[in-house]
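For chain A, the structure is supplied; the task is to place chain B on it using the hints.
Taken in order, these protein sequences are the chains called A and B.
FYI, the numbering for the first sequence is 12 to 164, going by my numbering.
FYI, the numbering for the second sequence is 22 to 718, going by my numbering.
Note that these hints are calculated values from the structure, not bench results.
Hints are not guaranteed to be accurate.
As the list claims (entries may be wrong) - In the DSS-like style, the derived pairs of lysine-lysine whose C-alpha atoms are separated by at most 27 Å in a straight line are:
no., chain 1, residue 1, chain 2, residue 2
1, A, Lys56, B, Lys346
2, A, Lys56, B, Lys410
3, B, Lys689, A, Lys98
4, B, Lys689, A, Lys80
5, A, Lys56, B, Lys664
6, B, Lys526, B, Lys572
7, B, Lys601, A, Lys90
8, A, Lys56, B, Lys572
9, B, Lys689, B, Lys346
10, B, Lys651, A, Lys56
11, A, Lys98, B, Lys346
12, A, Lys98, A, Lys143
13, A, Lys56, B, Lys559
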Amino acid sequence: MEELSTNSYDTTQYIVIKLGVEQYGIDIQNIDNIVRMQHITRVPKVADYVKGVINLRGEVIPVLSLRLKMGFEEDEFTKDSRIIILKLEQHGTLGVIVDEVKEVVTLENSAVEKFTYDSKEERNGNLIGVGKSNGQLISLLDMSIVVAEKEKE
Amino acid sequence: MDVSQYLEIFLDETKEHLQNLNTQILELEKDSENMDTINEIFRAAHSLKGMAGTMGYKRMQNLTHDMENVFSEVRNGTIKVKANLIDILFQCLDALEEYTGNIQETADEGDNDNAALIDRLNAVLKGSETGGGEETPGQAASQSKETAPKKEAASEIALTEEQKHVLREAQKMGKNAYSFDVKVQDSCILKAARAFLVFKSIEEIGEIIVSRPSAQDIEDERFDTEFSLIVVSDSTIDVVTKVIERVSEIEKVYSRVVGETEVEDITGGTAVESAAGTPAENAAANAAVTQSAPAAAAQRGKTPDKKQGGGKPVVNRTVRVDIEKLDVLMNLVSELIIAKNSLVSVSTQENAQNNAFDEQIEYLESVTTNLHESVMKVRMVPIESVVNKFPRMIRDLSKKLDKKMELYMTGEETELDRTVVDEIGDPLMHLLRNSADHGLESAEVRKERGKPEAGSIFLDAYQDGNNVVIEVRDDGNGIDVEGVKNKAIGRGTITPEQAVNMSDKEIIDLLFLPSFSTSEQVTDVSGRGVGLDVVKSKIEALSGEVEVKSKLGEGSTWIIRLPLTLAIIQALMVIVGGEKYAISLGSIQTIEDVKPADIKYVQAKEVIHLRGTVIPLIRLSQVLDAPSNKSPEDDMTVVIVKKGDRLAGLVVDELMGQQEIVIKSLGKYINKCRIISGATILGDGEVALIVDANAVI
Numbered sequence: 012m013e014e015l016s017t018n019s020y021d022t023t024q025y026i027v028i029k030l031g032v033e034q035y036g037i038d039i040q041n042i043d044n045i046v047r048m049q050h051i052t053r054v055p056k057v058a059d060y061v062k063g064v065i066n067l068r069g070e071v072i073p074v075l076s077l078r079l080k081m082g083f084e085e086d087e088f089t090k091d092s093r094i095i096i097l098k099l100e101q102h103g104t105l106g107v108i109v110d111e112v113k114e115v116v117t118l119e120n121s122a123v124e125k126f127t128y129d130s131k132e133e134r135n136g137n138l139i140g141v142g143k144s145n146g147q148l149i150s151l152l153d154m155s156i157v158v159a160e161k162e163k164e
Numbered sequence: 022m023d024v025s026q027y028l029e030i031f032l033d034e035t036k037e038h039l040q041n042l043n044t045q046i047l048e049l050e051k052d053s054e055n056m057d058t059i060n061e062i063f064r065a066a067h068s069l070k071g072m073a074g075t076m077g078y079k080r081m082q083n084l085t086h087d088m089e090n091v092f093s094e095v096r097n098g099t100i101k102v103k104a105n106l107i108d109i110l111f112q113c114l115d116a117l118e119e120y121t122g123n124i125q126e127t128a129d130e131g132d133n134d135n136a137a138l139i140d141r142l143n144a145v146l147k148g149s150e151t152g153g154g155e156e157t158p159g160q161a162a163s164q165s166k167e168t169a170p171k172k173e174a175a176s177e178i179a180l181t182e183e184q185k186h187v188l189r190e191a192q193k194m195g196k197n198a199y200s201f202d203v204k205v206q207d208s209c210i211l212k213a214a215r216a217f218l219v220f221k222s223i224e225e226i227g228e229i230i231v232s233r234p235s236a237q238d239i240e241d242e243r244f245d246t247e248f249s250l251i252v253v254s255d256s257t258i259d260v261v262t263k264v265i266e267r268v269s270e271i272e273k274v275y276s277r278v279v280g281e282t283e284v285e286d287i288t289g290g291t292a293v294e295s296a297a298g299t300p301a302e303n304a305a306a307n308a309a310v311t312q313s314a315p316a317a318a319a320q321r322g323k324t325p326d327k328k329q330g331g332g333k334p335v336v337n338r339t340v341r342v343d344i345e346k347l348d349v350l351m352n353l354v355s356e357l358i359i360a361k362n363s364l365v366s367v368s369t370q371e372n373a374q375n376n377a378f379d380e381q382i383e384y385l386e387s388v389t390t391n392l393h394e395s396v397m398k399v400r401m402v403p404i405e406s407v408v409n410k411f412p413r414m415i416r417d418l419s420k421k422l423d424k425k426m427e428l429y430m431t432g433e434e435t436e437l438d439r440t441v442v443d444e445i446g447d448p449l450m451h452l453l454r455n456s457a458d459h460g461l462e463s464a465e466v467r468k469e470r471g472k473p474e475a476g477s478i479f480l481d482a483y484q485d486g487n488n489v490v491i492e493v494r495d496d497g498n499g500i501d502v503e504g505v506k507n508k509a510i511g512r513g514t515i516t517p518e519q520a521v522n523m524s525d526k527e528i529i530d531l532l533f534l535p536s537f538s539t540s541e542q543v544t545d546v547s548g549r550g551v552g553l554d555v556v557k558s559k560i561e562a563l564s565g566e567v568e569v570k571s572k573l574g575e576g577s578t579w580i581i582r583l584p585l586t587l588a589i590i591q592a593l594m595v596i597v598g599g600e601k602y603a604i605s606l607g608s609i610q611t612i613e614d615v616k617p618a619d620i621k622y623v624q625a626k627e628v629i630h631l632r633g634t635v636i637p638l639i640r641l642s643q644v645l646d647a648p649s650n651k652s653p654e655d656d657m658t659v660v661i662v663k664k665g666d667r668l669a670g671l672v673v674d675e676l677m678g679q680q681e682i683v684i685k686s687l688g689k690y691i692n693k694c695r696i697i698s699g700a701t702i703l704g705d706g707e708v709a710l711i712v713d714a715n716a717v718i
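Just chain A, with the same shape it has in the complex (with noise of 0.2 Å):
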């Protein structure tokens, strides 16, 4: 996935959402739709960051807590939230809740401050780097090492 941020355009366009008082970017490749907060159907026997299922356009599709995955408190939803549609290669379609949408930015590859991993280092680290845009730092998602299932139980 890192690759799709340093493609061969010099920018990458990210979409800038809010958990709580904190800003991240999601690469837009990865997104597939964005929707409104909706009914979810809870599935029973789960971790419980997965919060259920929601009906997609006829299809089913799973739906997590952004907050209890990166290890926030739990959600409160309001008319902000939303629900991000991502298509990822690993998981297939999944939905994400998060706070609230703000808008979308357009960042030159070069204003992205990309953290380097360790090679032996694990990879448990959700960032792909942090990004500057009009004078605000977005920490820039790596959608597919979130929404994978480590470390829990």
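Showing chain B alone in chain A's frame:
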């Protein structure tokens, strides 16, 4: 010609023909005089040869060619069908299957010439009285017109006495009799139409006495690219030939004059070179007349396409469709049903003020239901395609194991979803082998026990509600429960203490554990202990189940129960803790109202007593972590579900009603939840989960 694009069709059709041959040869073994069977075999072998030739599989073509020669002699009655011939034929089929297998894997037939088999076939041919593939004219003439048509016999037309008479009369009146072999171009699409034009133009100047194939067959396009005619006419042979050649897409016309003396012995004579034919081609035609095998093969090599359609009896008109396309269609139907369901729920919410709207909704409902049924039916295939290979297998096993046995099958026409049928073959084969090897006793033992010497294995398939049941039954020894128990203890699978407490059924179920075989010695057939656990896991993967019933000394029955369809089911919608769940109607026995006072306890577990059966209660609200909002004093709604022999009562809060639901997967991300087998989308767009009653029990 690049044939790779036809490979799939070739494989499909080859398999069909091989299966057909297997079945027919078995039939032949039972009734060696049946002309229909022999004809059918001949046709299948012939088509196979043509197809292999077209695709350039020479070895396969050679083998089938020699087989065809043998069948041809059998058909003419010059070779009698004997046991050893049947054996050779079966070996040929095996060899052909091997070729097919090779082709499927590598697109190459492999380099096994099977020379030994071909030699044996030829030996059979030589052993016959008249020898060789030579057709004696007398024979051809003596046979009736219907059986006489032979593809190789280019200009032989057998005449009935009446036709001969007409011919003689015509010749007496000074008319000329001609024989024509007309060849239509390979690329010709409307062969029948061309033939019709030929007929029509000849009839303007003469009279067609007889044609081969018959006029009816030609009209129905049941010929390859050639047909033969005997014509009487006042005109000269050149004129008639020209008339025929004037019809477009006619490649060649071989013509000759039928002399007066020839009428008696119509097959003699030499071909007169026609205006169209080059000498070389005519030579080939002549060679074909005398029917020497290599020349016939050479000619076939030149016109490889012509065998495809020929000789086959008219069967149901079918179209081959890629299963993926059907899946797409099925998905679309599912979408449509969901859309329909949401319309229904909208219409009920709108307080039913608009009658016309409701009517249309009802109409739409019946259309979608019918559409769904039709699409399902398209996906359904009879299990025939799978079970047809079993008689042959049992026959081989019978020889190999030196036990006499018969396989009786019923319900081959029972239909199942294509995906299920594809998977069911192996498990069934395991069970049949099991019955043949372990189940049936040796002839001596059977005699002692007063059973008929030949063992019987039954394969019965039938539909039972939303399920299809396939039973494999034998009248053999049955399962020796004590033997299984001792073996299990010996292997350390269970402890002796455990064994004491186990019911017979539980012990029999041990047989389904991986690598558990009771056979004393490992045989070629079975006994390696890789059978029954595979059977079980395969069937369960198809959301089916297996059970065994057995009586020592009397035989055992293996019962496989499979769902009819996998995609759309009738379900009971229930509410548990405010959430909606679907339970497949197929597993539901009854629905009961139970008073809390009626709950009894067995080993600290809740049970109810219902019409003489003790049924354990399962509170779905606990299983699903959905706290019930009903007070414990209220009457409970209990859905009684069945898994095999076992019953269980699922306690739900409320019933919503029955609904046709489309099963959707929960997606890759959620796959650990065993009690939920999938989800469905309700009319209002809400997602409801499907409770897998089997997993709950």
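Against the structure, the hints:
| no. | hint | in the structure |
| --- | --- | --- |
| 1 | Lys56/A / Lys346/B | 36 Å, violated |
| 2 | Lys56/A / Lys410/B | 45 Å, violated |
| 3 | Lys689/B / Lys98/A | 12 Å, holds |
| 4 | Lys689/B / Lys80/A | 17 Å, holds |
| 5 | Lys56/A / Lys664/B | 22 Å, holds |
| 6 | Lys526/B / Lys572/B | 11 Å, holds |
| 7 | Lys601/B / Lys90/A | 25 Å, holds |
| 8 | Lys56/A / Lys572/B | 42 Å, violated |
| 9 | Lys689/B / Lys346/B | 23 Å, holds |
| 10 | Lys651/B / Lys56/A | 22 Å, holds |
| 11 | Lys98/A / Lys346/B | 24 Å, holds |
| 12 | Lys98/A / Lys143/A | 25 Å, holds |
| 13 | Lys56/A / Lys559/B | 26 Å, holds |
Violation of the numbered hints given earlier is confined to hints 1, 2 and 8; the remaining hints are satisfied by the structure.
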